[in-house]
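K.L.:
The listed protein sequences correspond, in order, to chains A and B.
All letters in the first sequence, in the order written, are residues 1 to 47 by my numbering.
All letters in the second sequence, in the order written, are residues 1 to 572 by my numbering.
Keep in mind that a hint or two might mislead.
A few chain B residues facing chain A, derived, Cβ under 8 angstroms [unchecked claim]:
1. 81
2. 85
3. 272
4. 275
5. 280
6. 281
7. 334
What the hints contain is simulated information worked out from the structure, not anything from laboratory work.
Beta carbons are placed, not taken as given, at the ideal position from N, Cα and C, and that holds for glycine.
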Amino acid sequence: MAERVTDSENKATRLPVFRTWPAVYAFVVATFVLWVTLLAILARTFS
Amino acid sequence: MNGVDWAVLLITILGIAGYGIWGTRGQRSLRTYLHGSGETSWMVIGLSVMATQASAITFLSTPGQGYESGLGFVQNYFGAPFALIIISVVFLPIFRRLNVDTAYEFLGSRFDSKTRLLGAALFLLQRGLSTGITIYAPAIVLSTVLGWRMDLTIIGSGMVAIAYTVSGGSAAVNLTQKYQIGVIFIGMIAAFFVLVSKLSGNIGFHDALSVAGGMNRLEGVDFSFDVNKRYTFWSGLLGGLFLALSYFGTDQSQVQRYLSGTSLRESRLGLMFNAICKIPMQFFILLLGVMLFVFYQFEPPPIFFNQTAWNNAIATESGSQLQSLARRYEAECAAAKTAISHWLELSHNNTPALADAARAKAQAAYQQSQATRAEAKRALSTAVPHASSNDADYVFVTFILKHLPHGLIGLLITVFLAATLSSKAAELNALGSTTTVDLYRHIIAPQATEAHYLLASRCFTAMWGLIAICFALFANMAENLIQAVNIVGSIFYGVVLGMFLVAFFLRRIGGTAVFYAAIVSQVTVIVLYLTIPISYLWYNFIGCALCIVLSACLQIGLGPNDREPARGVTPT
Chain A
1 MAERVTDSEN KATRLPVFRT WPAVYAFVVA TFVLWVTLLA ILARTFS
Chain B
1 MNGVDWAVLL ITILGIAGYG IWGTRGQRSL RTYLHGSGET SWMVIGLSVM
51 ATQASAITFL STPGQGYESG LGFVQNYFGA PFALIIISVV FLPIFRRLNV
101 DTAYEFLGSR FDSKTRLLGA ALFLLQRGLS TGITIYAPAI VLSTVLGWRM
151 DLTIIGSGMV AIAYTVSGGS AAVNLTQKYQ IGVIFIGMIA AFFVLVSKLS
201 GNIGFHDALS VAGGMNRLEG VDFSFDVNKR YTFWSGLLGG LFLALSYFGT
251 DQSQVQRYLS GTSLRESRLG LMFNAICKIP MQFFILLLGV MLFVFYQFEP
301 PPIFFNQTAW NNAIATESGS QLQSLARRYE AECAAAKTAI SHWLELSHNN
351 TPALADAARA KAQAAYQQSQ ATRAEAKRAL STAVPHASSN DADYVFVTFI
401 LKHLPHGLIG LLITVFLAAT LSSKAAELNA LGSTTTVDLY RHIIAPQATE
451 AHYLLASRCF TAMWGLIAIC FALFANMAEN LIQAVNIVGS IFYGVVLGMF
501 LVAFFLRRIG GTAVFYAAIV SQVTVIVLYL TIPISYLWYN FIGCALCIVL
551 SACLQIGLGP NDREPARGVT PT
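Generate the whole structure from the sequences, applying the supplied hints.
P.N.:
In structure tokens form, the structure reads like this:
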């Protein structure tokens with residue numbers, strides 16, 4: 001009954017630039033830092 | 001609304017619902033009914049997860065938040081990217097490996113039957129309440145401003161969602177959400193551009209941001225550690241992390257969406273799509289509210305955006321006092337407009353010292369007008385005691401009806417109804433699935449046929465839809481609507497998350513310990529909510545931490561747990 005989650009499926013993203021999941025997660029965190037920085041800059045610029 | 005608006009509304013809403021029924025007709029398998037075809041791509045999963053969370057409240061209430069308080073509410077979503085990463089790494093592989101139908105089935109595999117039932121019961125309780133709010137919220141606003149009958153609005157939108165969810169199950173939810181979110185994006189982007197173009201009659205976009213910044217509406221990040229503030233970077237990051245972890249990781253309405261993916265890869269990518277897009281999406285909706293704020297610095301705003309409530313108050317014996325306040329407010333808004341224009345003029349002339357002084361005057365003039373508005377709200381509450389003095393939810397819809405062209409009005413009202421249907425359908429789908437899988441199949445009728453369970457699932461979905469409609473018909477809320485949903489979620493989510501985190505990471509703790517710990521934690525959180533005024537986001541953290549610590553303490557008291565978790569039930 002249990003579905004097999006293979007190692008290759010667990011590791012490979014099949015994305016062009018971010019080939020591993022840790023790379024995808026690092027990109028997500030970097031994007032978060034970018035959003036927070038942009039929000040802080042926006043408030044500072046127009047305060 | 002004229003004929004064009006009605007045509008846009010009815011064709012879009014009924015067209016999508018009809019397509020959902022037609023596209024998923026003839027379902028015979030419970031598995032397909034609960035999970036869809038199992039061939040859902042990451043983009044559909046991503047949009048579906050987004051559409052499930054973004055209810056009509058998001059699009060009605062969030063611009064009002066932006067208008068009243070600026071961008072600060074965006075911090076509520078700061079924990080979401082990290083939560084989605086944790087779910088992608090830990091929760092998702094285990095759910096898929098065990099091939100569960102509901103998240104609570106996992107609790108049964110890891111612990112025991114009673115813990116599974118408790119998890120399912122807490123979900124049904126909080127999601128049942130929230131679904132009522134989901135349908136009530138847009139209905140009260142739309143019926144008030146459009147003059148529609150509230151009961152018919154609730155019953156009409158509720159029955160459409162019930163029809164295609166009962167008919168097509170999870171596949172119909174995925175199919176319709178794809179188009180509903182498309183309509184929502186088009187409508188919101190169109191509204192934003194029309195709003196900005198209307199601003200340009202008075203000022204440019206850069207000046208609009210200057211006005212918003214000068215009136216403290218652009219402070220999207222607050223690094224202070226004040227726990228009494230509702231939204232700070234830290235409450236958003238920590239409290240928001242726990243809220244998002246609970247919502248996306250343990251709420252069946254979301255788990256069901258990403259378990260419909262073809263593979264682990266598709267499910268993960270769908271979640272990462274949301275991890276990246278959630279903050280900018282909320283920022284955009286809040287920015288729309290901030291631009292509304294700027295717009296109403298140059299166009300005379302109503303003293304109270306819920307004009308129906310205002311007119312009812314005018315009809316009482318306090319009417320003359322309220323009308324006098326309205327005249328005063330109008331004069332003060334005109335003075336504030338002059339002061340803001342003067343400030344902008346000086347800031348263009350490169351005279352910073354003079355511009356700063358003019359800005360202080362503009363701020364003072366604006367504060368003066370707000371003091372009058374606050375006084376008017378108090379007078380309104382005295383005149384009509386049962387009326388809510390919170391009009392933030394009416395800001396955006398008032399702008400739509402007064403300042404947008406016909407056709408676009410219909411599209412924006414469609415946005416609110418499409419968002420109601422998309423989130424409500426996913427919630428009903430989850431409530432029906434959990435009742436069928438975790439209560440009916442698990443306890444009441446474990447040996448029935450597939451066809452029997454499919455019929456039961458349809459009946460339970462319809463039953464929850466009718467319960468939500470009844471709740472909405474009798475609801476009466478004064479709290480800002482989007483906050484009401486988050487508060488209900490925060491009270492229950494932390495404890496449920498605590499149960500899941502113990503299940504994943506504390507292998508030595510058994511079902512009995514976590515079961516009693518969860519009950520004690522849930523009671524404690526409810527008592528805290530009723531007695532201590534702290535930001536509701538913290539209840540997620542408190543409930544979760546309490547459940548974990550109490551589980552560990554109880555397990556120590558009960559002695560070693562002799563039932564080791566089965567292979568594959570915990571992270572490897």
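K.L.:
Does the closest beta carbon of chain A sit nearer than 8 angstroms to the beta carbon of residue 280/B?
P.N.:
holds (7 angstroms)
K.L.:
Is the interface hint satisfied for residue 281/B? The criterion is a beta-carbon contact with chain A at less than 8 angstroms.
P.N.:
Violated: closest Cβ of chain A sits about 11 angstroms from residue 281/B, beyond 8 angstroms.
K.L.:
With chain A as the partner, please determine if residue 334/B meets the hint condition of a C-beta pair closer than 8 angstroms.
P.N.:
Nearest chain A Cβ about 24 angstroms off; hint violated.
K.L.:
How about residue 81/B: closest beta carbon in chain A under 8 angstroms, or not?
P.N.:
It holds, given that the least Cβ distance between residue 81/B and chain A is near 5 angstroms, below 8 angstroms.
K.L.:
Against chain A, is residue 272/B within 8 angstroms by beta-carbon distance?
P.N.:
Hint on residue 272/B: holds, closest Cβ of chain A at ~6 angstroms, below 8 angstroms.
K.L.:
For the hint on residue 85/B, does the least C-beta distance to chain A fall short of 8 angstroms?
P.N.:
holds (5 angstroms)
K.L.:
With a cut-off of 8 angstroms on the beta carbons, see whether residue 275/B makes it to chain A.
P.N.:
holds (5 angstroms)
Checked against the numbered hints above, the structure violates hints 6, 7; every other hint is satisfied.
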